[in-house]
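Undergrad: Starting from the structure of chain D, add chains B and R where the hints point.
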Amino acid sequence: MMSSRDAILGKIRSVTAAGGDDSKRHEAVEDRLLNHPSGTIPARAQLKPKAQIELFCQQAEAVQTSVGHVKSYASVPKAVADYLREHNLPAEFRMGMDERLNDLSWDKAGALEVKSGPSDGNDLIGVSHAFGGIAETGTLLMLSGEDNPTTVNFLPETHIVVLKAGDIVGDYEALWSEVRTKFGAGEMPRTVNWVTGPSRSGDIQQTMLLGAHGPRSLHIIVVDG
Amino acid sequence: MAHKVALFVTCLVDLFRPTVGFATIKLLEDAGCDVVVPPAQTCCGQPAYNSGDREDTIAIAQQLIKTFEPYDYVVAPSGSCAAMIKKHYPGLFTDDEAWQARAQALSDKTFELVSFLSDVLKVENIDAKLDKNVTYHDSCSGLRELGISAQPRKLLASVEGLSLSEMKDSDVCCGFGGTFCVKYSDISNAIVSKKTDNIANSGADMLLAGDLGCLMNMAGKLKRQGSNIEVRHVAEVLADMTDGPAIAEAKK
Amino acid sequence: MTQIITTSNFKSNARTALDDKNLQKALTHVERGFIGKRRSAMDALPEFDQLRDNARDIKNHTLENLDLYLEAYEEKVTKSGGKVHWAADAEEARNQILKICRDVGAKTVTKGKSMIAEEIGINDFLEENKIEPIETDLGEYIIQLRGETPSHIIAPAVHVLKEQVEEDFRRVHTHLPEARNLEEPESLLDEARKVLREKFLNADVGITGANFLIAETGTSVIVTNEGNGDLTQILPKVHIVLASIEKITPTLEDVSQILRVLARSATGQDMSVYTTFSTGPRREGDPDGPEEYHVILLDNGRSNMIGSEFQDMLRCIRCGSCMNHCPVYHAVGGHAYGWVYPGPMGAVLTPSLMGIKDGGQLPNASTFCGRCEAVCPMRIPLPKMMRSWREREFEKHLNPSLQRWGLKAWAYFAKRPKLYHLAMSFAIPVLSKIGWKKGRIKSLPFAGGWTKYRDLPAPESRTFQQQWAQREALKQEAK
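Residue numbers (this note's numbering), protein chains in the order written: chain D, 3 to 227; chain B, 3 to 254; chain R, 358 to 836.
Since the hints were made in silico from the structure, they are not lab data.
There could be a bad hint or two in this list.
Stretch-level coverage of chain R by chain D, calculated; a stretch enters the list once three of its residues show a Cβ under 8 Å from a Cβ in chain D [stated by the list, open to error]:
{"#": "1", "stretch": "385-394"}
{"#": "2", "stretch": "490-496"}
{"#": "3", "stretch": "585-596"}
{"#": "4", "stretch": "641-654"}
{"#": "5", "stretch": "657-670"}
{"#": "6", "stretch": "688-694"}
Calculated lysine-lysine pairs in the BS3-like style (CA-CA distance at most 27 Å, straight line) [to be verified]:
{"#": "7", "chain 1": "R", "residue 1": "K775", "chain 2": "B", "residue 2": "K28"}
{"#": "8", "chain 1": "B", "residue 1": "K185", "chain 2": "R", "residue 2": "K832"}
{"#": "9", "chain 1": "R", "residue 1": "K464", "chain 2": "B", "residue 2": "K185"}
Cβ coordinates follow ideal geometry from the N, Cα and C atoms, glycine included.
Pulled out of the complex, with its shape left as it was, chain D reads as follows (with noise of 0.2 Å):
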């Protein structure tokens, strides 16, 4: 008997092989895998870099997401411990491997907590630093795997993302190519997310409300220097 693989796709074949020739369609295919094009990029995002860091706050903003700027890393934990007690919440979070975080001084910005290593739903409070961001949208772009891992993007409360202000670009386009450079062309990490806003949810009566399965806040920290 035929497996239904064969059989679906001997189906398909006999509409867009009917040509005769293939060729041309196998190198349209490889040509469209191996170079990618990138269509229409909105002009509202091809701004200079400063510019560009705006209007990613200003779109960030737009979809509740909170912004903070701090002018290098080593004043990172600060923001962190401030924003945690501005807001009455516990100072202990979650936080992958990722060297640009641990390395930093916790314990002298008050008594920070940190717990190391992807979340088991029993933490409030995650920590992770983003991949980049795309001004376009105010959308973070995330990677899976020990550094940071996916859990603490999706099971804690609030989620503060540290965001360096040189990785902020214009187009979800201008990642994919600096994805590519990291994992190399056709690779992908297990898991990228992109993030725009805190979780919410539309499903009763079309009322849009914060903080569904997913964080119910989310602040981003851009590190400018």
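TA: Chains B and R alone, transformed into the frame defined by chain D:
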């Protein structure tokens, strides 16, 4: 030389509202056209086309093409009938090159009345008077297939004494849909009821539109609800021919 | 909650829906909640229409080469450690899922929102096999509690009022204190979050749908606002992606083009909150993520659409914009359509998947107002395809014979102008006389469909053609 314009009066205007036909002729003649009414016309074929009866649609289309192809322009006081010829006829003849060319040629010179006046004849002002507050419903085919929206509003604005109060959702279907309104009368009724609510809430004392099917549907519902709002085809107002009874009203 | 297909009863379903006061109230949220937001999002992006063209072209190119992209995709999934299962129909897909669940001894399965899961009726099947399926999208969770099916493809519980949700939560969440306040949507959302969090953490298998499958990288993409899809797929040992074959899209760039029109068309957001790209199972060194990654690639009738007049329908990205703008959907809601896919996209897709004999009502229940096509981000000619279904129905003599004969009789006259005008010159003055007094007619034999709800405007007097002929004759005489 004056444009030789053939009037495709449409079956509903022919049968139910001849005034719209005469108003159309007046508007075209005032704009300098030489108007002809070919007698061998019936319907554009939409009832068959939208019921899936392609064979009869093609026969009706061929007959209409033959009747109207000798003229410079074909003008109809209906967005949906004009769109049928303009947007759908060529697609009926994908297997017949000769007929497709004829259908395309007719398509190129067929227009809905108000857009013809405005876009082709470049009419800017209309010599008409009406002391009424009107609201305008955008019939679907005219709006979405032919892009008719600004033209009637612009011409109405030049009618002396007339003011326009836009209704909410003027671009939403009235629920007519040709045979839909009888095949699915319950749903059609729900849709037209929303429409008449919006018409009433606009505060206007007259409803205008460019398609008689939609107008009969909305007028029929308004009158069933006991409304005093007058219903007319936009051509009647533009041609200053509003002395006779409105749609679904008795002679005074 | 056994799924009963009632598509062939569309007309009576619609009648019931029109009489349902709660439903009618809930449906006002569709018009209020989606249309204006889509418009603002679209207006804020000057390139929107260009992106729609690009999105259409990308999908057309993909469909013309679907076999090649499917093979490229499968190769990539396999390379990343995942497994692709090809399912010709719903039954095969159900069995593949059951086998994966049984192999890991699964007792509970969490589910992200997936229309394909509805299409294959996976919940009933898992329950029959003693595995508990748990819907995690808030809307899906609500309707699962109610024993209902979704009535909208992106807002499954759009037909439910908050008071009804409160009733359901009190009925099912009996472990929570009775005195709690559940009056506002906020408290309902909060309660669902708490209840479902436990389920997420304890599930053995997570099933999600996919908005896209990327051939370039072997990646599945899901788009959500709640984050439920993510918790569904990162916490359990096994992640099953359930997707139909037309979800294939060539590259990351192509997906990015289409994503720019998806959320804007669906909810009027520039981008949904979570867009997640998943490639294979947990990697070496990964501290979280599923240990197994399976993709069920479902055909279920779609390969028959390739090369047919319905191929364009396979471009659909399930944004729901067509139903959000449909006057018929606004009137009757999604359940009247009787199966998984409501609104204009359902009116085309349902007969493609279940056949025109059972699905034939749907493409007929349209005024052809064209608003669906006008807003479709993928520029799918929905009215044209509904008409194609009507043509097939007509060819097969499946429409009611009275309708058919009426149409044929009318066409007989319409094709013969002289006879037509002669007949009308008798009939119209008679009709005009009937309505002479009021200018309208309240009831008329054979016109009950019209006069049940509205008056029939009476013809003015004689036909235009009669009057015109007379005028022309007088002009000739005068000369």
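Undergrad: Against the structure shown, which of the earlier numbered hints fail to hold, in ascending order?
TA: Of the numbered hints, 6, 8 and 9 do not hold.
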